[in-house]
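Required output: the full structure, derived from the provided sequences and hints.
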Amino acid sequence: MAYALRSYEYWLMSYRRVWRGSIVSSVLNPVLYLSALGIGLGKLVNRGGSGLGVPYLDFVAPGMLAAVCMQVAVFESSWPVRAAIRWTRQYHAMLATPLRVRDLVAGHQLWVVTRVAAVAAVYLAVLWGFGAIRSPLALVALPVAVLLGLAFTAPVSAYSAHVESDNGLTVLFRFGVTPMFLFSGTFFPLSRLPQGIREVAYATPLWHGVDLMRHLTLGTATFWPSVGHAAYLAAWGAAGLFLAHRAYTRRLVT
Amino acid sequence: MSAGAPLIHARGLVKTFGELRAVDAIDFDVQPGEAFGFLGPNGAGKSSTMRMIGCVSPPSGGTLRVLGLDPLRDGPAIRGRLGVVPQQDTLDNELTVRENLIVYGRYFGLSRSEVRARAQRLLEFVQLDERANSKVEPLSGGMKRRLTIARSLVNEPDLMLLDEPTTGLDPQARHAVWDRLFRLKQRGVTLVLTTHYMDEAEQLCDRLVIMDRGTIAEEGSPAELIRRLSTREVVELRFPGEVPAVEAHAFNGQVARIDVLPDRLLLYTDDGDALVPVAHERLRPQSVLVRRSTLEDVFLRLTGRTLID
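Protein sequence lines, in the order shown, are assigned to chains V and R.
Our numbering puts the first residue of the first sequence at 1, with every later residue one more than the last.
Our numbering puts the first residue of the second sequence at 1001, with every later residue one more than the last.
I should point out that these hints are in silico values taken from the structure, not numbers from a laboratory.
Any given hint might turn out to be false.
To be verified - Label-pair ranges, simulated between beta-carbon atoms:
#, chain 1, residue 1, chain 2, residue 2, range
1, V, R250, R, L1261, 33 to 39 Å
2, R, K1135, V, R250, 31 to 37 Å
3, R, E1094, V, L44, 29 to 35 Å
4, R, K1135, V, F175, 32 to 38 Å
5, V, S165, R, Q1087, 20 to 26 Å
6, V, R102, R, S1134, 33 to 39 Å
7, R, Q1087, V, F175, 33 to 39 Å
8, V, K43, R, N1133, 48 to 54 Å
9, R, E1094, V, R102, 24 to 30 Å
As the list claims (entries may be wrong) - Computed list of chain V residues with no C-beta within reach of chain R, every gap over 10 Å:
#, residue
10, A93
11, V163
12, L218
13, L252
In this text, all values refer to a predicted model and were calculated from it rather than measured experimentally.
A virtual CB, placed ideally from N, CA and C, is assigned to each residue, including glycine.
In structure tokens form, the structure reads like this:
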């Protein structure tokens, strides 16, 4: 672990040059999104009798929280991984020192979940400010954010190290991230999706994160379904770590 | 490690990539305090060998010991005592010069205060202390190389690996890099370098091997190799038009070998001055130059004049 922290420090140091802008957007984004969707769009939804049982703001807020965790995780493990392999070649620099491939993987993942946790904490505070949090269980959403972050950053790191060209990343965003963002129960319940597509949505790690976080902020979470969601996310994380280690090794140790 | 044991010991070392045998059963030893060079054209297997020594490329066969340890098993321990200057820079352009040193030193587990102190000393050593707080991006190629050398010294290595340390640099920058490497050599740091510059090898290396197509063609000190594989001097004859056809034995044993180039004849001889009047009379060249044999003559003789891409 100590070795992984040394590579973690690199990511921390390179973040220092962008942290100001990054903090502004992590506060501004939830404010803008919740105003537009929760309050603006929410007025229309609530008037029509949504059948959600709660105001639309309360429904969509945890969905947004989960979705932003996914976005941060994917972003931080796509281009930065390729950069560390090809442009800054920082992974190569690390491997000329006592660090091992597993330290590179662990240090980077640790950094990504740190970022996710920080963004999630700000988001939760904004949610609370908007009155969209109905239960102290919402605090549990923070560790869930870390788990959700890992479920994305680990497999995406593996993928980013594996693909031959940058095109692969564009494909990931176009056919993976964007559809998941829209159709994983973030903005509307999955029961509104046609059969066939619904099953696919249930399999996405994002839906498990959305559903778990929603039950936590609404205070309707029960034990075993929550454990099930968490275990599913952990499984994605574990498989992702294994694949990332293999992809990094193939790319860097030849 | 016992005194006199080699820092690097390789026997029958092999590296294959699929069908390609990039390194084909080579033997060599590098002794403490020595400056050892791998010389060869592109694709000769120099960089593959360096990567194996650097423990980032597992050998496909043979024996390799670095600092008495096995790279496959003890990679992190070995790398902790190496200073690596890779062929392609691995600096982070967005960080400052000093930050690049600090973050790298931290990879070796040095404390923050220790790494700060060392960074300052090293920046002075490579004459970059005035640029310490500048980003790396705008630095010249030579400055980046010097920074990479400073960085590779941050763990006070027992052995430095330099893969083509001056490729792509202008003459001033090359001499600045050589100057730093000389100083390290004087301090007793063991240097292992690859190069395809003959002057670099003659300047820096106590001993070198010439590699060609994955094997070691020759081994020795630069002077020894020249003595053994070339003549003492070379007479270069230039011609305005067609180069006349002539054989070495036409000079009664005065010429060991002749190279025919598009505009020149190179006569390899032990006594250039004695050969000049004979050559003048026989061949009527436009101009004549007598020079000493260099490592380049040896190199070209061994690896041929054909381009290898």
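Verification of the hints:
| no. | hint | in the structure |
| --- | --- | --- |
| 1 | V/R250 <-> R/L1261: 33 to 39 Å | violated (45 Å) |
| 2 | R/K1135 <-> V/R250: 31 to 37 Å | holds (32 Å) |
| 3 | R/E1094 <-> V/L44: 29 to 35 Å | violated (45 Å) |
| 4 | R/K1135 <-> V/F175: 32 to 38 Å | holds (37 Å) |
| 5 | V/S165 <-> R/Q1087: 20 to 26 Å | holds (23 Å) |
| 6 | V/R102 <-> R/S1134: 33 to 39 Å | holds (34 Å) |
| 7 | R/Q1087 <-> V/F175: 33 to 39 Å | holds (37 Å) |
| 8 | V/K43 <-> R/N1133: 48 to 54 Å | holds (53 Å) |
| 9 | R/E1094 <-> V/R102: 24 to 30 Å | holds (26 Å) |
| 10 | A93 | violated (4 Å) |
| 11 | V163 | holds (21 Å) |
| 12 | L218 | holds (42 Å) |
| 13 | L252 | violated (7 Å) |
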